[in-house]
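Line by line, the protein sequences give chains Y and B.
To get the numbering used here, take the position in the first sequence, counting from 1, and add 24.
To get the numbering used here, take the position in the second sequence, counting from 1, and add 1.
Because the hints were derived from the structure by calculation, they are not lab data.
The beta-carbon is built from N, C-alpha and C at its ideal position, and this holds for glycine as well.
Some hints could be false.
Claimed, not checked - Only pairs whose alpha carbons sit at most 16 Å apart, straight line, appear in this in silico EDC-like list of lysine to aspartate or glutamate: (1) B/K103 <-> Y/D80; (2) B/K78 <-> B/E9; (3) Y/K107 <-> Y/D87; (4) B/K103 <-> Y/D81; (5) B/K103 <-> Y/D87.
What the hints assert, rightly or not - Only part of the chain B face toward chain Y is listed, based on derived beta-carbon distances under 7 Å: (6) K23; (7) L45; (8) K103; (9) F106.
Chain by chain, the residues run as shown.
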Amino acid sequence: EAGVAQSPRYKIIEKRQSVAFWCNPISGHATLYWYQQILGQGPKLLIQFQNNGVVDDSQLPKDRFSAERLKGVDSTLKIQPAKLEDSAVYLCASSLDPGAGLFFGSGTQLSVL
Amino acid sequence: AQSVAQPEDQVNVAEGNPLTVKCTYSVSGNPYLFWYVQYPNRGLQFLLKYITGDNLVKGSYGFEAEFNKSQTSFHLKKPSALVSDSALYFCAVRDGSSNTGKLIFGQGTTLQVKP
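With the hints as extra help, turn the sequences into a complete structure.
Here it is, written out as C-alpha cells:
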C-alpha cells in the first residue's frame, strides 16, 4: 500500500512570496489533515478535511493560509504572503475516518528568508 | 480543551536497559491515546494506540504503553532499549466523544540510547 505522498520535499522562499504544497493521501482515506511542525515543537493541526469538506480550520491563519481538497482526494495548502515565522515542516496525514490512526507523509520543509 | 504534556525534553538510556517516555493528558471525553516516532527528516510513524480495553497496549518494534486513567497518563515503555530506538517521540490525544477526530500532540521527547 502506497503511503501519503507530499511534494516538494524542501522549499526556500523569501518573505512575502507565495508557496504551495501538495498532498496525495492513501487511497480510500476520507480524512485528510495538514499539520504545521515548528522546530522543537509538536505538530499543530492547521486544517482537517472529511472528503472535500472542512471539518476543522480553527487554527488556520486564514488571512494568509488557504487549503482545498478538490474531489475529496488530493489537497493543496497555500501560503500567501509568507512570513518568517511560517518556517516549519508542513505535514500531511490521512486516515480512513476521524476515529482511525493517522498516517503521515514525509513533510515539506519550508524555510522563509 | 484537550492537551498533552511530555515532561521530559530528553531521555537518555544505555542500550539493553529499560526505557520509559512519559506522557500525561487532559481531555473532556473518552481519551484516545497515541504514540508516534519521528526519525530525522522523516514523517511521523505510528507506534501504538489505546482506544478501549486492556490498559497495557503493545505496539511496533517492541514498544508498549500503559494507560492509567486515575493518573491521566500514557507512558511509553520498552524492556530493552536499542541504539536504533534513538529518535523523537510524540504522544497524542483525541477526544473519543468527538466525531471530528482532532489529534493534539505533545511537544515531543528525544530518546537517546547509548551503546
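Of all the hints given earlier, name the ones this structure violates by number, lowest first.
5 and 6
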